[in-house]
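These are the residues of each chain, in order.
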Amino acid sequence: MSKKVLYSYTGIFDTPDEVTHAAEKAVEHGYTKYDVNTPYPLHGMNKAMNLPPSKLGYVALAVGLSGALGALLSLWWVSAVDYPINVGGKPFFSFPAYIPVIFEVTVLSASIATVLAMLFFFFKFPNNAHPLHATDYMKKVSSDKYGISIQAEDPKFDESSVKNFLESIRAKEINAVYWDEEETAHNHKILEPKFLTFLFVVAVLISGTTYFTLNKLMNMLPFNWMMEQSKQSAQQKSLVFEDGFGMRQPVNGTIARGFLPYEFKGKPDLAGEKLVNPILVSKESLKLGQAKYDIYCSPCHGYHAEGDSRLRGQFPNPPSLHSEKVRTWGDGRIFAVITEGQNIMPSHSTQLTVDERWAVINYIRALQRALNAKESDLK
Amino acid sequence: MSSVDYTQELSVVEGKQALRELDDLIAKPLETKPDKKFYIALSITLSMLSLLVIGLGLTFYYGIGMWGNNNPVGWAFDIVNFVFWVGIGHAGTLISAILFLFRQKWRTGIARFAEGMTIFAVMTAGLFPLIHVGRPWLAGYLFPYPNQHSLWVNFTSPLLWDVFAVSTYFIVSLIFWYVGLIPDLATLREKTNHKLKKIIYSIFSLGWRFSNRHWQNYEMVYLILAGFATPLVLSVHTIVSFDFAVSIIPGWHTTIFPPYFVAGAVFSGFAMVQNVLVIVRKIFNYEHIITIDTLEKMNKIMLLTGSLVGYAYAMEFFIAWYSGVEAELFAFLNRALGPYAWAYWIMIICNVVSPQLFWSKKIRRTIPVMFVIAIFVNIGMWFERFVIIVTSLSRDFLPSSWAYYTPTLVDGMILIGSFGFFFTWILLFTKALPVVSMAEVKAVVDGAQPSHKDN
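Respectively, the protein sequence lines represent chains L and D. Anchor point for the first sequence: position 290 equals 281 in this note's numbering, and the numbering is continuous, going up by one each time. Position in the second sequence counted from 1, then plus 1, gives you this note's numbering.
Okay, chain L solo, but in the shape it has when bound (with noise of 0.2 Å):
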């Protein structure tokens, strides 16, 4: 029994009366060590123990502003700098639109954080530990009673006056609270094998269902349904056509937009007369065949057409398209050429759709006419 170590002396009260009485008894006696347990919170209480006004208030104020300030500053750098989102064309940092989500995050960072410093800063919970637990005083004051308990560590602690003082203000049940033997003998080891035991299977449990649930589960039905579509994919087997093709043909006789088909294969002179350039001169049209002549033709006939290219002194060397027979030429018969090619020269008619390569014969008469001014161009 000598081994037990005393934690407190308490006394029961039947009304808040009394025990409020009791409390200012004892701070008048001069304890500081010791604690009213009421079974709910009593009016004056706090004024009778003589107690400093809480501060959780501060808590609260710190964080809700930490959190307004942080969540203004995180949604200004994700909307305006790291990913800028054009609304309408309003502000990327649009103010007002963020007021709610500020206010949701200050309302939740400040609750959440207030609750916990309570029940784990101030409070040191979880703690069911504690010397009073598990006994008749606190059976009766979690109901119905007001108990008093002064503790051994007060400086003005003794067992004879404290328990003189106790009967001195009419508390009931004067008892004596001991520490747990088996709790105060134990000793709490942080290395115990039983906790790291415990804390393995905790993180092999954790890290397993993180794995398991990005990386399996997300791919299993039915998560992945957006990968599962029921279409036709290109060159897959088709069960619906009867030819068996997923892609389909075009109805016989179909042609595509600009591709008509060319008549006078292997006729230039028939082209020459037949075909007429549907291209009006134009700025558009000039500055069209500029480009076009400059990647496709300029190469050889040069950029001036003088056949004055990069590739003169080759053989053949590159015609000049300033010649007497091409500037007689028909716009048809240059057509035919670069449709079809001509000696050395390939067909063009995969690089230059048909109204690009009449927008190239355009340019080329200009070019022509640039070397051969009639009289009447210089007015």
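Watch out, some of these pointers could steer you wrong.
Claimed, not checked - Each computed DSSO-like pair below joins lysine-lysine, with the alpha-carbon atoms no more than 30 Å apart: (1) L:K180 with D:K196; (2) D:K198 with L:K185; (3) D:K432 with D:K38; (4) D:K432 with D:K29; (5) L:K130 with D:K198; (6) D:K362 with D:K106; (7) D:K34 with D:K432; (8) L:K130 with D:K199.
Please keep in mind that the hints were generated in silico from the structure rather than gathered at the bench.
Chain D: place on chain L using the hints.
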């Protein structure tokens, strides 16, 4: 002449109860085995819940095409139910936070239950945005987190505000509820002889020991939480209303929406709390804790918020005419006289006309009548959301795309199922936790507080 003495506060708990008797009474449902009636009730709610499971299964398997939603009514039962259930939750926070700030002692008997209802209602509401997006397993993308796509959410969208508002609301309500439960769990811990229950109560009461040094901080935290929850609850339905008001659909694009939605939410929430409490006080014999006076006060709040909602309906019409915007005026005339006129007039009768009966004191204090009126209010408030969402969408600016919305069977299953989900939680709650706060009720019993007279 009435002989009410207004200088004295009326007692909240009838009769001078011994504190231990109150404990026993409140803890009784937790200490006794559930009776036959409980199982019958549970089987009903579970059958309703199974409808939800089937409806959601069909929706997930075949897709959202199982619902009646189609162009132009892209929001229908899913969003109607969401707004309805979020609104139900608001009464709980109003009772626990706003009435706490106003020092309304009568709230103590009903606060715990109303807070529980808040949590379950928000859980029910939370189902709907998830299933509404069609692929609920991808809902994580609603939250801004640094991801490998280096994508962020659009913080200027009301739908995103909604995600923040509803999740904050749920978490803060849960914290508020849990903080209130800690002393009661400690009382139960001391009371029980059951070994397993003792362990569970010990874990969740965290070792609470009723110390006044703790009570002092505890009361401060409760005050701070109430202070936060009050603007929070107003913000939640405000933001829900922004989902509509920020758009340009005629009938949605109005500035009256935030206060109008908040009033409507409190209105329907109180109706639901009253409905359920009328049953609870009868079954668990809490007539002297949840007194007829308390119910009367709730009916008065319903009368007030119901009149506010009625005022908002009228004001909407006035502004539609006064604005001179043809599309707005049409939208409102179409509500009252168009193809959905039946829904509109159900709403008006249930929400505006029926609560006016509460002007009579006799009706306010007659349980069967007030119960029926509250049911009407809930029906009316559900139809209010239906009217706002469906009529506005079905006929907007472009007459060529007008269409009539008809819900499907699956829509109905999910609606009924959501009630099953909610009431299953409620039933489990009544048997798992004290539905009345012991510490708070004991603190307001006559003679529970010191008289501060010299003895």
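To see whether the hints hold, each was checked on the structure:
1. About 27 Å separates the Cα atoms of L:K180 and D:K196, which keeps this hinted pair within 30 Å; it holds.
2. Proposed proximity of D:K198 and L:K185 is supported: the alpha carbons are some 25 Å apart, at most 30 Å.
3. This hinted pair checks out: D:K432 and D:K38 have alpha carbons roughly 13 Å apart, not beyond 30 Å.
4. For the given pair, D:K432 sits about 9 Å from D:K29 by alpha-carbon distance, which is consistent with the 30 Å threshold.
5. As the CA atoms of L:K130 and D:K198 are separated by approximately 16 Å, the hinted pair is consistent with the 30 Å bound.
6. For the hint pairing D:K362 with D:K106, the CA-to-CA distance comes to about 21 Å; that is within 30 Å, so the pair holds.
7. This hinted pair checks out: D:K34 and D:K432 have alpha carbons roughly 9 Å apart, not beyond 30 Å.
8. Our distance criterion of 30 Å between C-alpha atoms is met by L:K130 and D:K199, whose separation comes to about 13 Å.
Checked against the numbered hints above, the structure violates none of them.
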